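**Student:** Generate the whole structure from the sequences, applying the supplied hints.
Here are the chains, one letter per residue:
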Amino acid sequence: MQIRRLNEQGIERFRQNLHRIREGAATALDPALITDHNLSERAETNVVVEFFSFRTKKEITKYLVEKLNISTDKSLYYDVGLWSWLSVFYFDLVCPSVKGQRRAKADTSYILAEPRNWKRYYRHLLACPVRLYCELGELATPFLEAPVPVWREFHEQLTAYQNIATNKSLIAAATKLYWDPSKNTVKKGASSKGPGGLRRFSEIVGQFELTYDINAMEPDAIVDLLPRPEFSRWLS
Amino acid sequence: MPTLIRKFNYTRRLRIPRSCVKVEEIVDNGVKSFSATFDFSDLDLPGSANVYVEPYFKSTSMRFDFGVVSNIVPPASTALVDIPPTDRLLYRIKVVDASSGSGLVLGFADKIRPETLDKPAGRTSLLPVDFNDLGNRIWKLDFREEGPVLSVNHAERIEQIREIVQSPWFRAVVYPEIVRQIVNRLLTDKDISLDEPSGWAENWLRFFREVLLYNIDSIPDTDDVREVLVEEVVDTFCRKHELLKILAMSYANPETK
Chain L
1 MQIRRLNEQG IERFRQNLHR IREGAATALD PALITDHNLS ERAETNVVVE
51 FFSFRTKKEI TKYLVEKLNI STDKSLYYDV GLWSWLSVFY FDLVCPSVKG
101 QRRAKADTSY ILAEPRNWKR YYRHLLACPV RLYCELGELA TPFLEAPVPV
151 WREFHEQLTA YQNIATNKSL IAAATKLYWD PSKNTVKKGA SSKGPGGLRR
201 FSEIVGQFEL TYDINAMEPD AIVDLLPRPE FSRWLS
Chain E
1 MPTLIRKFNY TRRLRIPRSC VKVEEIVDNG VKSFSATFDF SDLDLPGSAN
51 VYVEPYFKST SMRFDFGVVS NIVPPASTAL VDIPPTDRLL YRIKVVDASS
101 GSGLVLGFAD KIRPETLDKP AGRTSLLPVD FNDLGNRIWK LDFREEGPVL
151 SVNHAERIEQ IREIVQSPWF RAVVYPEIVR QIVNRLLTDK DISLDEPSGW
201 AENWLRFFRE VLLYNIDSIP DTDDVREVLV EEVVDTFCRK HELLKILAMS
251 YANPETK
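Taken in sequence, the protein lines are chains L and E. Just so you know, we're using this note's numbering here: the first sequence kicks off at 1 and counts up by one. Just so you know, we're using this note's numbering here: the second sequence kicks off at 1 and counts up by one.
The set of hints was computed from the structure by calculation and includes no laboratory data. Check before you lean on any hint, since a few could be wrong.
Straight-line Cα separation of at most 20 Å, EDC-like style, residue types lysine to aspartate or glutamate; simulated pairs [what the hints assert, rightly or not]: (1) K119/L - E232/E; (2) K245/E - E232/E; (3) K58/E - E114/L; (4) K140/E - E114/L; (5) K119/L - D133/E; (6) K111/E - E146/E; (7) K119/L - E153/L; (8) K187/L - E145/L; (9) K58/E - E156/L.
What you are looking at is a predicted structure, and each value in this text was computed from that prediction instead of being measured.
**Tutor:** Right, here's the structure in full:
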């Protein structure tokens with residue numbers, strides 16, 4: 001299918017469809033959202049996308065990065081119509097039907113609202129992983145090793161703040177602490193609200209920023225700054 | 001009783017005076033970029049330290065490498081493509097120790113405004129207006145670090161939005177709600193002292209006292225009393241500025257709407 005972008009009318013129709021799904025009045029999107037010329041237009045690029053059953057965010061992210069060649073055209077990060085149309089096209093992945101029911105999240109998970117406002121951007125289930133992958137490369141792995149619609153506390157804590165989410169050194173430090181590469185998953189208890197957890201990590205990093213330029217630091221130097229014994233358990 | 005706040009600066013980070021930094025914004029073909037010039041000659045900063053400029057708006061920021069103290073080299077592009085369109089961008093300047101790789105901040109300046117937005121000396125706007133992306137909303141009152149800002153949707157499809165904001169009709173309808181929110185904030189924000197107000201709180205309390213002749217000097221004990229006080233201030237504001245009359249006139253003479 002040749003890639004398209006939703007227009008204003010299409011986005012409004014998508015929003016209404018999501019509302020109806022949440023109300024239980026519908027279980028699927030109006031198929032017209034994909035191809036109706038009144039609701040979407042062909043993107044200038046001749047990119048063709050196909051529907052595959054991508055198991056993880058990483059699989060679909062790599063596919064889209066390659067297809068859209070986004071590394072060379074970062075203006076695509078902010079293409080509201082494009083990302084909203086992709087959410088429609090991959091709706092069965094971003095909002096899967098389980099036993100005939102869909103649990104639609106907030107509109108911002110599917111419709112790219114206020115694209116230059118990170119606080120909204122990071123919630124988009126396709127645009128945000130793609131952007132993180134483009135900015136961080138393989139360092140983005142902890143964000144991406146999960147099924148497409150899954151949004152865990154771990155993701156929330158690390159992506160809610162742009163200064164953390166797109167900072168390679170910080171993400172490498174967080175990965176060193178909280179990611180278990182042997183199991184390809186977040187270490188147990190990392191997302192807890194207790195001492196040494198991710199919340200504390202975000203908090204303490206905020207305090208460091210008054211004294212250190214985190215962007216200029218090596219990941220190990222960041223880890224070394226974390227107070228002991230609070231963070232010791234994650235280093236073992 | 002006044003509280004004594006002690007601030008520690010163990011790393012002896014220098015506060016870079018605003019007079020040492022000049023930021024100017026340029027808009028070309030709808031894309032905003034900036035230029036920055038520095039005068040570090042009177043500051044005790046090593047020539048090898050890195051200089052970074054970080055424009056930011058709320059939680060969104062960008063970072064530009066400007067070389068080192070002894071050899072400032074602006075980046076090839078300073079296009080502000082990753083930041084929401086806004087008239088009220090702030091800039092942070094960091095001078096960072098490059099020798100040890102420790103990332104230690106040696107000099108720092110924050111909340112730098114571009115020259116084009118600076119008001120004449122001694123004057124500050126009580127309620128700055130900022131045009132930015134508000135999705136489907138027309139306006140909202142933002143409480144930012146600098147104080148309350150009237151955020152208005154820059155929506156390109158409403159070409160006359162800047163005129164609309166200036167119109168008597170808009171002011172009559174929107175400003176009472178703004179006053180309500182500001183008074184509410186003054187009475188509920190635990191960080192604001194009515195005894196020793198500072199910053200935006202001081203300016204607004206002075207406005208209420210000197211222009212509306214309404215002195216807010218204590219926090220009501222109950223929510224009910226607070227609501228009554230808020231309503232009184234809003235009502236006084238409307239009366240003082242004859243908003244009902246302005247609205248009626250703007251309808252009688254649609255050109256002023």
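**Student:** Now look at each hint and say whether the structure bears it out.
**Tutor:** Results for each hint:
no., hint, in the structure
1, K119/L - E232/E, "36 Å, violated"
2, K245/E - E232/E, "19 Å, holds"
3, K58/E - E114/L, "13 Å, holds"
4, K140/E - E114/L, "15 Å, holds"
5, K119/L - D133/E, "13 Å, holds"
6, K111/E - E146/E, "8 Å, holds"
7, K119/L - E153/L, "15 Å, holds"
8, K187/L - E145/L, "13 Å, holds"
9, K58/E - E156/L, "18 Å, holds"
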